[in-house]
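Enquirer: For what it's worth, full-length UniProt numbering labels the leading residue of the sequence shown as 1, then goes sequentially.
In short, the hints are calculated from the structure, not lab data. There may be inaccurate statements among the hints.
[What the hints assert, rightly or not] In silico lysine-lysine, DSSO-like type, Cα no more than 27 angstroms apart, as pairs:
| id | residue 1 | residue 2 |
| --- | --- | --- |
| 1 | K99 | K76 |
| 2 | K127 | K99 |
| 3 | K51 | K76 |
| 4 | K76 | K127 |
[Stated by the list, open to error] The following label-pair restraints were derived from C-beta to C-beta distances:
| id | residue 1 | residue 2 | range |
| --- | --- | --- | --- |
| 5 | M140 | G54 | 15 to 21 angstroms |
| 6 | H44 | F122 | 23 to 29 angstroms |
| 7 | Y16 | G54 | 22 to 28 angstroms |
| 8 | M140 | Q21 | 32 to 38 angstroms |
| 9 | A60 | C34 | 18 to 24 angstroms |
| 10 | Q124 | Q24 | 16 to 22 angstroms |
| 11 | R57 | V33 | 15 to 21 angstroms |
| 12 | K51 | V135 | 18 to 24 angstroms |
Don't be surprised by glycine CBs; every beta carbon is placed ideally from N, CA and C.
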Amino acid sequence: MAILARARHPNIVRCYGGCLQPPQVFLVEELLVCSLHDFIYHPHGDHSLLKLLGLARDVAMGLAYLHPTILHRDLKPSNILIDMNGRAKIADFGLARYKLRTHLSTHSLEAGTTPYLPPEVFDQRVKHLTDRSDVYSLGM
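All chains should be built: construct the whole structure from the sequences, respecting the hints.
Expert: And the structure:
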């Protein structure tokens, strides 16, 4: 929650607060319409090339804001939400880490969702994730 609470960007989901003391674990975030996954698979949505490129740009802008200090590590369509104005926002910072803490453990698969993971997660020689990992996930 600490990473999300400090993030202030039009393409990052706004967190208003929350509680991390069990059994009261919750976040209070801005209300958003749907996920990118739902938008893409909705048969009546605006799927024009211009709209899809705009959504991709939104996510890229959010990543550009995060990447000086933060890696998301779980970028995928269900973690990108769409607001009432049709703007994409990066959400779900549960696996996000500050760059100084991105060492790959022996449990590398904890760093995201398998179909969106970059190849370096599976390479035993790679010890740290970089911005490129999130960019790869965006492209997937």
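Enquirer: Could you check the structure against the hints above and give me the numbers of any it violates, in ascending order?
Expert: Numbers 6, 10 - these are the hints that the structure violates, sorted from lowest upward.
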